[in-house]
Amino acid sequence: MAAKKETDVTWKDLEIGSIVVEPGSAEQYATGGWRSQRPVYDNSKCNKCGLCFIYCPEGCIRPQEDGYYKPDLFYCKGCGICAEECPKDVITMVEEEE
Amino acid sequence: MAKRVGMEVSLAIGEAATLADVDVVAAYPITPQTHIVEHLAELVANGDLDASYIPVESEHSAMSACLGAAAVGARTFTATAGQGLELMHEVLFVASSMQLPVVMTVANRALSAPLSVWGDHSDVMAARDTGWIQIFTENGQEVFDNVLCAFRIGEDRRVLLPVMVHLDGFHLSHMIEPILIEEKEKVDKFLPKNDYPLPLDPDKPVSMGTFAPPVIYSEAKKAQEVNLAASKDVVVECWEEFYKMFGRRYQPVESYRTEDAGVLLMTMGSYSETAMAAIDKLRDAGQSVGLVRLRLWRPFPTKELRRAVKNAETIIVFDRALSLGGQAGPVCSEVRSTLYGEAQKPKVVNIIGGLGGRDVTVAGFEEIVRKGVAMAEKGSDQEFEIYGVRE
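So the sequences go chain by chain: D and W. Per numbering that gives the first Met the number 0, the very first residue in the first sequence carries number 0; after that it's consecutive. Per numbering that gives the first Met the number 0, the very first residue in the second sequence carries number 0; after that it's consecutive.
Treat the hints with care, as some may be off.
Claimed, not checked - Below, simulated DSS-like cross-link-like pairs (lysine-lysine); rule was C-alpha separation at most 30 Å, straight line:
(1) W:Lys183 to D:Lys11
(2) W:Lys280 to W:Lys220
(3) D:Lys3 to W:Lys221
(4) W:Lys220 to W:Lys192
(5) W:Lys231 to W:Lys192
(6) W:Lys302 to W:Lys346
(7) D:Lys44 to D:Lys11
(8) W:Lys280 to W:Lys221
(9) D:Lys3 to W:Lys302
(10) D:Lys76 to W:Lys220
(11) W:Lys231 to W:Lys243
(12) W:Lys280 to D:Lys11
(13) D:Lys87 to D:Lys3
(14) W:Lys220 to W:Lys203
(15) W:Lys309 to W:Lys280
(16) D:Lys11 to W:Lys344
(17) D:Lys4 to W:Lys203
(18) D:Lys47 to D:Lys69
(19) D:Lys4 to W:Lys220
(20) D:Lys11 to W:Lys231
(21) D:Lys4 to W:Lys221
(22) D:Lys11 to W:Lys192
(23) W:Lys192 to W:Lys203
(24) W:Lys309 to W:Lys203
(25) D:Lys3 to W:Lys220
(26) W:Lys377 to W:Lys344
(27) D:Lys11 to W:Lys220
It should be emphasised that the hints constitute simulated quantities derived from the structure, not laboratory data.
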């Protein structure tokens, strides 16, 4: 099933009870498609405290080599918790259509 | 040797589950099913049944624990009735959709309000579309036999579905009947060990009941429907194997004295035996009346039903539940829809009775046949009649 694109999967391709036999397959699911706003970082204000990383419910904000943080937009649902919790107002939520 | 014992039907269910070597029982007591799970608790406590007995705080939890147990490949059993079945409702869908072969006896009971602990089929009908295989029984021996069959059918690799075995509350659950308890070696030969193909196993991880976006949900449901419909052949095959081994035969639709009958009465469950006695009396009086009993409720035996009624002019369907605000009782609606496309359609009339444990006697079924024939003859703007209701 993993080999096929999801739009090509037929009912006959499914395992019994639609059981998923490939571990960690949720990784392939682009929850970023749900997003209407995206977080934009202004690292000039950032003190690298990591609160955005801790609070992100999606676990999609990761520390970079330079110590700053970056959201993975493939998974980011745009909830805005990072922007709300950031003590330095580094993060601004921007409408996706902008 | 099989031994014939006088036993309450509820206790015989415990004996059947014990002979089937169930691994897990998770259950909550509710009338009229309580004696089933009480007896199982006793069997486990006395060391007669080597199973985990999980006393839970509700039927919702009972079914949840059962599907967890079935997911690791345990042979799993539970029982419920009436309100208990309704409290399980959402988890019933989960068990069938995840293809977990739980076996459950349901001591059919009316639903509140007003509160009734007595029997009818309101509980079953509310669980009709939950995706379970559903078998109706008419006496204690049939319950015992079909509990064994239910494990074999549900756990079959071609099926992998949960199975409900229905027995009428009190009219069956609390009767003391002579029951042939089959010997262990024979049951072991009939019923292979459960070997669930994709169990939860840390060494071979799988995910069950995952999230399905719109792009895949329809495919999941189509697979489920095809599987449930196809299970009928395995049900029939299992009953034939059972017949060869134990000499008692079960079929999706069973007929009684239907040869050349212009009028057919149709029943489901324990009232069928009362109806048989009525048919005998009517036949003795020269009337051309027969009885058709639905044993397999899901998957619905469309082909078999068409065959069983093809020469009838009138069918009188006896329902033990109302479809409130609907056109007829739930069984009658399905019978009408089964026959609608046929070139030669019999008249199908509906009498609803036996609600909340109200007795329908042999004389009662004779009267129902008379009434049904009259309804068919005069035609009626009324889709159904409630038998015995005081006006």
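Could you check the structure against the hints above and give me the numbers of any it violates, in ascending order?
1, 2, 7, 8, 9, 12, 13, 16, 24
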